[in-house]
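Asks: If you're matching them up, the sequences are chains A and B in order. Under the working numbering, residues 446 to 526 are what the first sequence spells out, in order. Under the working numbering, residues 1245 to 1893 are what the second sequence spells out, in order.
Please keep in mind that the hints were generated in silico from the structure rather than gathered at the bench. None of the values given here were measured: they were computed from a predicted structure. Treat the hints with care, since some could be wrong.
[Said to hold, decoys possible] Covered stretches of chain A (in silico footprint by chain B; criterion: 3 or more residues with CB under 8 Å from a CB of chain B, positions within the stretch not fixed):
no.	region
1	455-468
2	484-490
[Stated by the list, open to error] No farther apart than 20 Å at their CA atoms in a straight line, the calculated lysine to aspartate or glutamate pairs in the DMTMM-like style are these:
no.	chain 1	residue 1	chain 2	residue 2
3	B	Lys1852	A	Glu458
4	B	Lys1852	A	Glu495
5	B	Lys1845	A	Glu495
6	B	Lys1853	A	Glu458
7	B	Lys1639	A	Glu509
8	A	Lys478	A	Glu458
9	B	Lys1700	A	Asp465
10	B	Lys1724	B	Asp1799
11	A	Lys524	A	Glu449
12	A	Lys500	A	Glu449
13	B	Lys1565	B	Glu1544
14	B	Lys1856	B	Asp1820
15	B	Lys1845	A	Asp464
Each residue gets a CB set at the ideal place from its N, CA and C atoms; glycine is no exception.
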Amino acid sequence: MSVEAKIRNYILENYLFSDDQALLNSKDSFLEKGILDSTGILEVIYFLEEDFKIKIDDEEMIPENLDSVNNIVNFIEHKSA
Amino acid sequence: MCGIAGIMNFRSAVPPSRAELKDMIEAVYHRGPDGYGYFTNQKVGLAHARLSIIDITGGDQPIRNEDQTIQVVFNGEIFNYLELRKALIKLGHRFYTHSDTEVIVHLYEQYGLEFVAHLNGQFAIALWDDNHQRLVIARDRVGIRPLFYTENDGRLYFASEIKSLFSHPSIPRKLNLRSLQEIFTFWTTLPPNSLFDGIKTLPPGSMMINERGERKIIKYWDWDFSPDNVDNNRSAEDWAEELKSLMVDSVRLQLRADVPVGAYLSGGLDSSVITSLIKNFTDTPLRTFSVGFDDKEFDESRYQQELVDYLDTQHSHVVCKHSDIANAFPKVIWHTESTILRTAPTPLMLLSGAVEEAGYKVVLTGEGADEVFGGYDIFKEAKVRRFWSHSPNSKWRPLILQRLYPYLKHSPTGSGTFSQNFFQQGLEDIDKPYFAHIPRWATTQRGLQFLSDEAKSAIEQQIRFDDINSLLPKNIHRWKPLNQDQYIEANTLLSGYLLSSQGDRVAMANSIEARFPFLDHRVIEFASQLPNRYKIMGLNEKYMLKKAMLGLIPDRIRNRSKQPYRAPDSQSFIIDGKPIDYVAYLLSEERIRHSGYFNPKAVSLLLKKCIKGRAVGFADNMAFVGILSTMLVDEMFLSEQKPCAMDFP
Chain A
446 MSVEAKIRNY ILENYLFSDD QALLNSKDSF LEKGILDSTG ILEVIYFLEE DFKIKIDDEE
506 MIPENLDSVN NIVNFIEHKS A
Chain B
1245 MCGIAGIMNF RSAVPPSRAE LKDMIEAVYH RGPDGYGYFT NQKVGLAHAR LSIIDITGGD
1305 QPIRNEDQTI QVVFNGEIFN YLELRKALIK LGHRFYTHSD TEVIVHLYEQ YGLEFVAHLN
1365 GQFAIALWDD NHQRLVIARD RVGIRPLFYT ENDGRLYFAS EIKSLFSHPS IPRKLNLRSL
1425 QEIFTFWTTL PPNSLFDGIK TLPPGSMMIN ERGERKIIKY WDWDFSPDNV DNNRSAEDWA
1485 EELKSLMVDS VRLQLRADVP VGAYLSGGLD SSVITSLIKN FTDTPLRTFS VGFDDKEFDE
1545 SRYQQELVDY LDTQHSHVVC KHSDIANAFP KVIWHTESTI LRTAPTPLML LSGAVEEAGY
1605 KVVLTGEGAD EVFGGYDIFK EAKVRRFWSH SPNSKWRPLI LQRLYPYLKH SPTGSGTFSQ
1665 NFFQQGLEDI DKPYFAHIPR WATTQRGLQF LSDEAKSAIE QQIRFDDINS LLPKNIHRWK
1725 PLNQDQYIEA NTLLSGYLLS SQGDRVAMAN SIEARFPFLD HRVIEFASQL PNRYKIMGLN
1785 EKYMLKKAML GLIPDRIRNR SKQPYRAPDS QSFIIDGKPI DYVAYLLSEE RIRHSGYFNP
1845 KAVSLLLKKC IKGRAVGFAD NMAFVGILST MLVDEMFLSE QKPCAMDFP
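Next up, chain B with everything else stripped away, as it sits in the complex (with noise of 0.2 Å):
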């Protein structure tokens, strides 16, 4: 794990500078504080800052080829490099390290621009290729590892980080009022966007070609749901039989490094099946890592002792309180670079927080599996609405949404005929891909009501929810409806928010590594070919997950029903009746006035309101927390010459 930044010129005659790369690396140094590394020449300037896992002493960067005519940097693992080393050497290429970053320069000496099909595993890449004058940028098939990038005055620059971007002078900095808009709908932007004019960021599973004064992004791997996919001629025995050597498999490479590695223990059945395969399948050490609170509504102790106990795993318990995450927030705004509508990152950094302290730089999660398994409240949700819309009228249709959320203190099932109100939002638009999604983005919006006059005009268009279409595949409407709602999930949710604001940003800024088994590419193929009802068999969501590990964990965890990880949201931020410091300042109508993002007026009342206790919803609580985490943006990235993290506490 690591960070990179590179610049290369197109149109520009400066060549980029080691000065220059040194102040854009050094802003990620929290990515990589084992080393810097470099690689100039007239057209493109390379840099890594390095984080060492596997091969500590030969695996400096910029990796080359045997005659160094093609230079790499990369942040990520390849975790099927041994093989893949293996199969070059018989093919004739010779290796100087035993890195993973090397078998990249090779496959792309045998396969050309192919060479990312070969790979499994986590990564942002930058390859220079001199003989063909060309620069190829590429990214991970979900988007588990960032990478962004900018042009300015005749040069392409790019980052693991947007930090590095600004750190560079002539990079303008503006908050993108559109990206904002986006966020207060779909949760995250809508890939290229990021939150800031002109900053892009490179999608999932897209590689940018660069040569010869010509710029071209290609999709070399999807989500791919197609019904043509799906096998219905097999038992679930046999399903549940290869699930279970796969997920073996992908945890047996994931555990691939030169340090030791823990896992994640979050008391649901992902974490749970990731750990009980390391206990029961390979001869790593268990070490395990869990976060609670002192507020029970979020707090799932009781379930990952029951799991420390039955794995008799070493185990270190974070215990978060609210205010631990009023005091981290910023410094958990200052790595997610991007307004965010919940706190629940800020558990996840105290957490990766206490991995480094025990000497771990890499930890196992199970973020993934209810994308690839049908494991969301919004799938089941969705299953029941599409129910209902085939008698709109019924009366006892609806009564089963009653059967979803029942661990919401203030769940949205609650209030009897407003619910089935609620729900029957969208129920006219049951042939629109994201019909899913129709509730929780309606809910999401409310949030925009708190805009400020000027910043809804400043865009031409407001935001609709068919532009999510731009995204979605030509064919998706041939698709069933819960791979629908995968699909959109994946590329929102997923890439945008929980495997960057909660996933890799939080663990980096602790300099951790994360891996992610649920999604090595073998496993979300294997799931494509899954028919839906081994998904979501009545409203029992990861069917065919829960039966692959018949046995492997307590049944109780099995069959548990799931509870999504949450944080306390507003509240954190009220201490004795009133907003800390830093809140009180930054929610000020004279701050926000200032900002010109917000109405002042509205977000006084907002305040006001969490003062009082009476945010308890979904919607007030996201527009909190994204109006606070936008000024947050604005102060430490906007407001000074250079970004700069506020004092950290």
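Chain A on its own, in the form it takes in the complex (with noise of 0.2 Å):
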């Protein structure tokens, strides 16, 4: 499963509680469309560090990196490079 698709039934099945993917828009913002709140992203940053064994740094929790599928993805591609 690519990382893309990994991060996209996260949020959905945790977050939309849905499996439907017509629901989530990867350029969506999770705080703009209230996907998220401010504990879900301390979900999120778990389920990152757990799934794709990296370190999430206090300065790295912003919303270019975190508040998006998209997002997600670039800053994990970025980590892992």
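Mind docking these for me? Both chains are given alone in their own frames, and the hints should help you get the complex.
Replies: Here it is, written out as structure tokens:
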């Protein structure tokens, strides 16, 4: 499964509680669309650290890295590079 | 403390019968296991279940006046009954009991409908006046004692609990989907709504007058934070002195009983104040009760023990495990008769069970201090957000948010820029009286996504935050922001949840009467005159209360950051990676689909998330507990011919 698909499924199942792919555009801002709240983002960070074996520093916890599926994919690719 | 029920005919020709009343009152046996009493005539029927606390031998109800034209049944306590009795005797009234109920009868004779203004107490009253053919039902100022009513077939039915109304075969039972959405927004239905179609609650501080075919509801008291009330000319020392003497008097009055009285001890400031005042200013032997958790995130036993040692009190401690919460939760919902979003009432029901086992019927608790004196985090959070809104682009102003919620394992302030975006919600709504509540309500509304499409479309207009405006005083826009926050908190969370689901209902489940000295109306009226800088000084909550109690409680307790009482939520119901049996059944796709309220797929994914231990935030946990409690309501109140308690473990 691609990184994008894995993240999309995680967000769909855990925050939109659905398997309907049409509900989530990979460009959607989690905050603007109300998909995540502030503790939700902590859960996402926990998921990313666990499943992708990366460590996310406090200064990296910013919307540019984490506020959409696309942002997360880019961030993970950058971290893994 | 007791239960009441009654019927009044306004078009029906069938007189209320004793058999009908018997069914209704027996449904609330737990509220008054010491005996039943009835009054019936052609027009009205009153029933009473008694928990004997004052005038054990002579206080059976209904209580009447000298010529038997006035009959009263009453649930609660009138704390100033001795003073009222003395004054009424001077005015020529003759008493045949020593109960607090009888003062209601004579006050009504003396002052008519103004009688209620003389009462210092917590009560739900039904009074029949034969001369005027008038039925009055009334509820205490802040909504400590419950009172529900409904109309059907030309009759008014009323009772302390909804299960009494449902025990009458003519009352239809259906869940109201708008009410459900209100709970998934405001934590409570908005008065007069209950969770059920056609069943209404009499709002706090209100009385209903039924007379000659007409009905009106009047608000006889309200929280009033008008700026004109505030006195800016007194010194802090002066305020503290008056508050201390007022609290001493409130505690003294609320200790009145012909049975022993105990007190809850949470380890926080408020219950410490109450217990210290009992110890230092009364002759009552101090007997205390507390609840702790084996889950350390929620446990405050250390602070409770510190106070037990300091006060040298005879103490009982209940330790609550996750499985205790899961096992007791159905019984909690049987008593709350409502969807709830937290499991927190459950340990309090177990605690009232310990009080009952110890042979006590009455406990004093610290509830209400946060609303009255500005103790809640939501008030401080709003203060920071208002400060931030003065300069929304400021980088450093929102950093103060990080000082909030130090006790949370998964703090909403813990995710840097994201937290700021969260608390930035509604920053443009700075002028709304509910500004403080926007983040909480937005989080709670995340639970609405679990509703089924049918449930969503069944109500004509979606819930809006502006719906709260119908409850607010007309001049609230003139009030200071903190006072707007206090008013909304008192009229939503306090009356609709803390005093009901987490208060009266889980105490009465074990026939225990809880009393609330901070909610003495004199204390509330005192606090409405207090300048806000003496409520929250900087970010130091309940400043004046702490100042007034200097030297009476240990400094470590007095200066400790507030830790709100919480209990483990979704994780209580998952054992060894599986939901316990009744949860698995109630949340199964088939059962969810059958009830029609929620989306089966969404609920199954939420359950999966909980099983994986990934539901750590407020939103998921509130949704989980809200869905489970709704399904329990459906199971116990709507699926059977008659309401029927599950087979409680």
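Asks: Determine for every hint whether it applies to the structure shown.
Replies: Hints, one by one, checked against the model:
Counting residues of the region 455-468 of chain A whose beta-carbon sits less than 8 Å from any beta-carbon of chain B gives 6, enough to reach three: the coverage restraint holds. For the region 484-490 of chain A, the proposed coverage by chain B is satisfied: 6 residues have a C-beta within less than 8 Å of a C-beta in that chain, meeting the threshold of three. Of the pairs offered as hints, the one joining Lys1852 (chain B) and Glu458 (chain A) holds, with about 9 Å between alpha carbons and a cut-off of 20 Å not exceeded. With a C-alpha separation of about 18 Å, the suggested pair Lys1852 (chain B) and Glu495 (chain A) falls inside the 20 Å cut-off, and the hint holds.
For the hint linking Lys1845 (chain B) to Glu495 (chain A), the alpha-carbon distance of about 26 Å lies beyond 20 Å, and the restraint is violated. Taking the CA atoms of Lys1853 (chain B) and Glu458 (chain A), the gap is near 8 Å; set against the 20 Å cutoff, the hint holds. With a CA separation close to 17 Å, the supplied pair Lys1639 (chain B) and Glu509 (chain A) stays within the 20 Å bound. The straight-line distance between the Cα atoms of Lys478 (chain A) and Glu458 (chain A) is roughly 16 Å, inside the 20 Å bound, and the hint therefore holds.
Among the hinted pairs, Lys1700 (chain B) with Asp465 (chain A) is consistent with the structure: their alpha-carbon atoms are about 18 Å apart, no more than 20 Å. With a CA separation close to 31 Å, the supplied pair Lys1724 (chain B) and Asp1799 (chain B) exceeds the 20 Å bound. Our distance criterion of 20 Å between C-alpha atoms is met by Lys524 (chain A) and Glu449 (chain A), whose separation comes to about 15 Å. Taking the CA atoms of Lys500 (chain A) and Glu449 (chain A), the gap is near 19 Å; set against the 20 Å cutoff, the hint holds.
For the suggested pair Lys1565 (chain B) and Glu1544 (chain B), the alpha carbons sit about 14 Å apart, so the restraint of at most 20 Å is met. Annotation: proposed proximity of Lys1856 (chain B) to Asp1820 (chain B) holds, straight-line Cα distance about 11 Å (limit 20 Å). Distance check on the hinted pair: Lys1845 (chain B) and Asp464 (chain A) sit about 9 Å apart at the alpha-carbon level, within 20 Å; holds.
In summary, the structure is inconsistent with hints 5, 10 from the numbered list given earlier, while agreeing with the others.
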